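Counting from 10, one number per residue, gives the positions in the sequence shown under this note's numbering.
Keep in mind that a hint or two might mislead.
Pair by pair, the computed Cβ-Cβ distance ranges are [to be verified]:
1) Gly150 to Gly115: 20 to 28 Å
2) Tyr111 to Arg90: 23 to 31 Å
3) Lys123 to Lys43: 17 to 25 Å
4) Asp240 to Asp49: 16 to 24 Å
5) Arg173 to Lys202: 12 to 20 Å
6) Ser172 to Arg142: 15 to 23 Å
7) Leu208 to Arg90: 16 to 24 Å
8) Ser231 to Asp110: 29 to 37 Å
9) Glu68 to Arg239: 14 to 22 Å
10) Ser229 to Asn141: 45 to 53 Å
11) His109 to Glu157: 33 to 41 Å
Pairs of lysine-lysine residues, derived as PhoX-like cross-links and limited to a Cα-Cα distance of at most 20 Å, are as follows [as the list claims (entries may be wrong)]:
12) Lys50 to Lys60
13) Lys116 to Lys196
14) Lys202 to Lys116
15) Lys116 to Lys191
16) Lys162 to Lys243
17) Lys114 to Lys202
18) Lys106 to Lys137
19) Lys106 to Lys202
20) Lys212 to Lys29
21) Lys87 to Lys50
22) Lys123 to Lys50
23) Lys243 to Lys43
24) Lys202 to Lys175
25) Lys116 to Lys50
26) Lys114 to Lys175
27) Lys43 to Lys60
If you are wondering where the hints come from, they were derived from the structure by calculation, not from laboratory data. Quick caveat: nothing in here was measured; it's all calculated off a predicted structure. Idealized CB from N, CA, C, for every residue including glycine.
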Amino acid sequence: MIGIIDSGIGGGSVLREILKQGINANFIYYSDSKNNPYGDKSNDEVYSIVKNIVNFLLEKGCVAIVIACNTASAMCVKRLREEYPDTLFIAIEPAYKMVHDYNPKGKTLVMATKGTLESEKFLALFNKYDNNRTILLPCSGLAELIEEGNEVKIDRYLDDNLSRYKDIDNVVLGCTHYPLIKDNIRKVLGDIKFFDGSLGVSKELVRQLEFRGITFDDNSYSVEFIDSSRDASKERRFGELLNID
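Please work from the sequences and hints to get the whole structure.
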């Protein structure tokens with residue numbers, strides 16, 4: 010069994026890529042919308058929240074846990090690996106290195122939460138690959154609007170916050186919610202290149218499962234969805250995102 014942790018339904022963009030890898034396993038997706046957003050909380054507060062979810066998933070029998078939230082990944086994964094050395098943790102991170110690999114001379118906008126952009130993990134990545142043509146944009150409140158699913162509010166937010174960046178070539182989507190609104194972002198910024206960490210996480214999960222010899226006996230995959238707020242609409246929207254029941 011594989012656990013997926015996110016602060017809401019946004020990590021479904023990660024699970025969608027994982028399922029494309031053909032892993033036939035039982036998945037538990039934990040949507041922590043009760044404590045969303047993580048990006049405005051302290052490191053210790055986020056770690057305490059995530060640790061409780063990890064313990065829950067381990068009790069359910071998970072042998073691998075994917076941290077699909079960029080903020081939780083940046084704040085927690087190092088400590089989790091130290092505290093749970095026998096558990097496989099796969100953690101997403103903003104795909105800033107991909108810009109360096111595929112379009113290093115382009116002007117880049119990194120959209121992420123304040124917590125992610127200020128984290129030691131992200132700043133180390135940014136300082137290593139910075140092309141001096143990068144803007145870091147903390148998008149406070151955007152993930153919550155995506156959770157809510159109100160297109161009018163999302164479009165208004167993007168127009169208010171992105172209109173000044175019409176000359177951008179690359180957009181790094183540093184929150185797993187943001188790939189869900191690529192079309193909305195394009196309406197403001199035009200034909201841009203998107204980079205996010207979902208594909209890299211899915212491939213790293215496959216590599217690490219093979220390296221550790223972890224296999225599953227299931228003939229097909231199943232997904233159990235849990236939302237901490239017990240909001241039934243979250244499960245419906247999550248199913249629509251993955252196109253599954």
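Discussion item. I want to verify a distance hint. Is the separation of the beta carbons of leucine 208 and arginine 90 within 16 to 24 Å?
Written reply: holds (22 Å)
Item to complete: Verify the proposed pairing of lysine 114 with lysine 202, using a straight-line Cα cut of 20 Å.
Response: holds (13 Å)
Discussion item. Checking one constraint from the list: CA of lysine 116 to CA of lysine 50, max 20 Å. Satisfied?
Written reply: Answer violated: lysine 116 to lysine 50 is near 30 Å, above 20 Å.
Worksheet item: Should the hint that lysine 123 and lysine 43 are 17 to 25 Å apart at their CB atoms be regarded as holding?
Response: Since lysine 123 and lysine 43 have Cβ atoms about 20 Å apart, the given range 17 to 25 Å holds.
Worksheet item: Does the Cβ pair serine 229, asparagine 141 satisfy 45 to 53 Å?
Response: holds (48 Å)
Discussion item. Against the 20 Å threshold, does the CA-CA distance of lysine 202 and lysine 175 hold or violate the hint?
Written reply: At roughly 13 Å apart (the allowed maximum being 20 Å), lysine 175 and lysine 202 satisfy the hint.
Worksheet entry | Satisfaction of the hinted span 14 to 22 Å by the C-beta atoms belonging to glutamate 68 and arginine 239 | holds (19 Å)
Item to complete: Could you grab the alpha-carbon distance between lysine 202 and lysine 116 and see if it respects the 20 Å cut-off?
Response: Given pair lysine 202, lysine 116 holds - Cα atoms ~10 Å apart, limit 20 Å.
Worksheet item: Holds or violated: 15 to 23 Å for the Cβ distance of serine 172 and arginine 142?
Response: Holds - the Cβ-Cβ distance for serine 172 and arginine 142, about 19 Å, lies within 15 to 23 Å.
Worksheet item: Has the given pair, lysine 243 with lysine 43, been kept, meaning a C-alpha gap of at most 20 Å?
Response: Distance of about 11 Å is within 20 Å: holds.
Discussion item. Need the status of pair lysine 106, lysine 202: alpha-carbon distance at most 20 Å?
Written reply: Given that 20 Å is the threshold and the Cα spacing comes to 14 Å, the pair holds.
Discussion item. What's the verdict on lysine 106 and lysine 137, does the C-alpha distance respect the 20 Å limit or exceed it?
Written reply: Given pair lysine 106, lysine 137 holds - Cα atoms ~9 Å apart, limit 20 Å.
In the structure shown, a violation is registered for the earlier hint numbered 25 alone.
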